[in-house]
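A.B. asks: Residue numbers (the working numbering), protein chains in the order written: chain A, 418 to 856; chain B, 418 to 856.
These are calculated hints, taken from the structure and not from any lab test.
Be aware that a few hints might be false.
[Said to hold, decoys possible] Straight-line distance between alpha carbons at most 30 angstroms, and here's what the computed DSBU-like set of lysine-lysine pairs gives:
{"id": "1", "chain 1": "B", "residue 1": "434", "chain 2": "A", "residue 2": "586"}
{"id": "2", "chain 1": "B", "residue 1": "522", "chain 2": "A", "residue 2": "596"}
{"id": "3", "chain 1": "A", "residue 1": "558", "chain 2": "B", "residue 2": "558"}
{"id": "4", "chain 1": "A", "residue 1": "549", "chain 2": "A", "residue 2": "586"}
Nothing here was measured: the structure is a model prediction, and the numbers come from that model.
Each chain, written out:
Protein chains: 2
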Amino acid sequence: MAEPTYELFDKVVNLCKRRGFVFPSAEIYGGFRSTYDYGPVGVLLLRNVKDAWWRSMVQLRHDVVGLDASILSPPAVWEASGHLANFTDPLVDCKECKERFRLDKLDDPETCPNCGAKGSFTEARQFNLMFKTHAGPVEGKGAEVYLRPETAQGMFLNFKNILETSRKKPPFGIAQIGKSFRNEITPGNFVFRTREFEQMELEFFVPPAEADQWYEYWCKARYDWYVEHGMPEDKLRLRAHDADELSHYSSGTSDVEFLFPWGWDELEGIANRGDYDLTQHATHADTKLEYFDQGSGERYVPHVIEPAAGATRTAMAFLMAAYDEEIVNEEQRTVLRFHPRIAPYTVAVLPLSKKDELVGVSDEVLGLLQPHYMCDFDVTQAIGRRYRRQDEIGTPYCVTIDFDTLDDRAVTIRERDSMEQERVPIEALRDRLGERLGF
Amino acid sequence: MAEPTYELFDKVVNLCKRRGFVFPSAEIYGGFRSTYDYGPVGVLLLRNVKDAWWRSMVQLRHDVVGLDASILSPPAVWEASGHLANFTDPLVDCKECKERFRLDKLDDPETCPNCGAKGSFTEARQFNLMFKTHAGPVEGKGAEVYLRPETAQGMFLNFKNILETSRKKPPFGIAQIGKSFRNEITPGNFVFRTREFEQMELEFFVPPAEADQWYEYWCKARYDWYVEHGMPEDKLRLRAHDADELSHYSSGTSDVEFLFPWGWDELEGIANRGDYDLTQHATHADTKLEYFDQGSGERYVPHVIEPAAGATRTAMAFLMAAYDEEIVNEEQRTVLRFHPRIAPYTVAVLPLSKKDELVGVSDEVLGLLQPHYMCDFDVTQAIGRRYRRQDEIGTPYCVTIDFDTLDDRAVTIRERDSMEQERVPIEALRDRLGERLGF
Chain A
418 MAEPTYELFD KVVNLCKRRG FVFPSAEIYG GFRSTYDYGP VGVLLLRNVK
468 DAWWRSMVQL RHDVVGLDAS ILSPPAVWEA SGHLANFTDP LVDCKECKER
518 FRLDKLDDPE TCPNCGAKGS FTEARQFNLM FKTHAGPVEG KGAEVYLRPE
568 TAQGMFLNFK NILETSRKKP PFGIAQIGKS FRNEITPGNF VFRTREFEQM
618 ELEFFVPPAE ADQWYEYWCK ARYDWYVEHG MPEDKLRLRA HDADELSHYS
668 SGTSDVEFLF PWGWDELEGI ANRGDYDLTQ HATHADTKLE YFDQGSGERY
718 VPHVIEPAAG ATRTAMAFLM AAYDEEIVNE EQRTVLRFHP RIAPYTVAVL
768 PLSKKDELVG VSDEVLGLLQ PHYMCDFDVT QAIGRRYRRQ DEIGTPYCVT
818 IDFDTLDDRA VTIRERDSME QERVPIEALR DRLGERLGF
Chain B
418 MAEPTYELFD KVVNLCKRRG FVFPSAEIYG GFRSTYDYGP VGVLLLRNVK
468 DAWWRSMVQL RHDVVGLDAS ILSPPAVWEA SGHLANFTDP LVDCKECKER
518 FRLDKLDDPE TCPNCGAKGS FTEARQFNLM FKTHAGPVEG KGAEVYLRPE
568 TAQGMFLNFK NILETSRKKP PFGIAQIGKS FRNEITPGNF VFRTREFEQM
618 ELEFFVPPAE ADQWYEYWCK ARYDWYVEHG MPEDKLRLRA HDADELSHYS
668 SGTSDVEFLF PWGWDELEGI ANRGDYDLTQ HATHADTKLE YFDQGSGERY
718 VPHVIEPAAG ATRTAMAFLM AAYDEEIVNE EQRTVLRFHP RIAPYTVAVL
768 PLSKKDELVG VSDEVLGLLQ PHYMCDFDVT QAIGRRYRRQ DEIGTPYCVT
818 IDFDTLDDRA VTIRERDSME QERVPIEALR DRLGERLGF
């Protein structure tokens, strides 16, 4: 990949808008508070990131099951988890200009960066980052409900239900993909930090004695996942937290970090959470959240290893990592070198002309490939310009149908990175693409 | 399917809890206001419903693109759409007992059904069904934000962005799957009407003169989709709205309805919405939302055909439709006769014994199938009980590995509905399952 400069970052953000990856939400009304919509290409990228995670974490394993828990959740959950008390940022108001700031982000905690007043701040108050709303027809204390700030609590709340119904036993995991919401005071860096975002979280429950080895296992497995899906190793690192960064209940946390223009920043955290979460909920809900091992006759509260990734920021990192520019025939070519499982479209079907003669055979080729691959179909403009567009959205293969196709029943496969072309009979097309893609 | 009685309904609800389809949210805290979590089997069912929809509506077509818009959205959007003014239920309070009711749902609008008081109701006030919260550190008018009550507005807001970046032109569609939220006064019927739910919506933009024919096309295509995925035709109908049911802007709406215990009820609505939505947003945002046809030189606001389906209630209807009981060997067998694309697991791999000898070959079979199919793996209990469990969660095929497998390198395929068994060499297993499943 190119160096992760702000210049590159701006190019990626620009490409996102221009090619339909990401649009600011409600843009025709002037946009809205750092929320974003994923357009036709972006939604495919995001789906592929999530599907690749689900495939690795659920489908290809027999020790992990899935979950899809509700976003709306009652205060009791966040009381037990500690979010009501501790999921806060310290805020101060300037008494002069009435602006509001995060105390821990101020360069100078005495001077207002807006109006320059000195010593004008109110005392800091703790601002809770959870979005609150009300369910039912009466707004009042009993009707309060929160949008979850993380998907993880859903797994702890359902631990007992899943243990009783799924026939799994420790070591086993519960995986979930879904939206979470945090009322960030300072969202920013495009889709990296937004108030609405998507997570991919696993809670892996293990016998206490095995916690350390599973923590090591998941640190390695999760780092490898990014590499296997095309992340360059020189822009990726696994960083163990220092002791003073750790939560009081965590005996170890490592972040998978990507090199952004603003430095190394987190894509995923893998935490050894001990029995903190299950114990908190067992106490608050006055229930037992433990496992009885019939073999050993032992009863214990499993320890939890939690690999928690951000889907939206991971999609953005894949975009940054894939972006490349090169000179071809004295013209600049922009190309997103996505891994084929991550690329929005796998194949683009491009009839050389939109004349009637090619319609039948184009439909045939499209019908042959669509059941297996996400296909783009683009029929106008010069073929060179269409190749460039597919390069810019990262499509690994273009299949071109020309007038010779009518005679020889063959088409041209054009590969994104090398731009090399190969003539293939229609009858062999699906197999040939399968060979090249590996799926 | 069995007759859709309340008795059947109760059995399905019971099965959902017992086998891990659906759990009440935050159940260890006593549950929460009719929100639900989808457990290990339910999340697979729901994913399959959504993936089948996405496959039919996006992947297998070249005239529809996808979108994933934000849930949080500013008041301007709902002002323009009419939701702020009109998305309301009429509420009354009883002055005697202080209970609150939906006026339009009262059997007797004079008498309180709670305390029996007559003429004790306050005047009705309009209660808006949108969940409201606040973004940013200041709670106030300017910080108000709503959870979307439908995904549809995202498509209208991005119409121009997508027209400019996707190279599609009418007739073309924008499809979206995602969560929506409505503060229903009377949620109920299990996951049929919940405050948090998931939608699958298409907005199909067409030249005005073609609106009627596309409306007919989508009514048929959507009805057929349910049938193709295993919905029995005697429990499914397409019902055109009467003139007095139509919104003022709609020239035609039809519902795909399923026969629930409480009668026919909506899974999906297909509406001919005219140019209402684009015109509303064009006016409120003071922008142009139209298409310029370079061929004819004509400029027009496309009309919209909207097939809008509920993912969660469709999953529930598939569950109801699939449920069956029969007597086998003088014992009752419960079986969910899901279409293979809808069934949570496609294949269950069942080693006859958990003895060490079978571990290697079991892992081999699992490794062979997991890349292609969602597989369950269950190693304990008598094989008959394990078959029954797979029947109850609707797994189309079980693959049994026994001690003969060590000699003949063959396994037994057992089919869910007929319970017939076939011995197949491991080397031929993947192809044989592919043949039987059709994918």
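A.B. asks: Next step is simple, just say for each hint if it's right about the structure.
C.D. replies: Hint check results:
1. B:434 - A:586: Holds, at about 19 angstroms.
2. B:522 - A:596: Violated. Residue 522 of chain B to residue 596 of chain A sits at ~34 angstroms, over the 30 angstroms cutoff.
3. A:558 - B:558: With a Cα-Cα distance of about 21 angstroms, the restraint between residue 558 of chain A and residue 558 of chain B holds, given a limit of 30 angstroms.
4. A:549 - A:586: Outside the cut-off at roughly 36 angstroms; violated.
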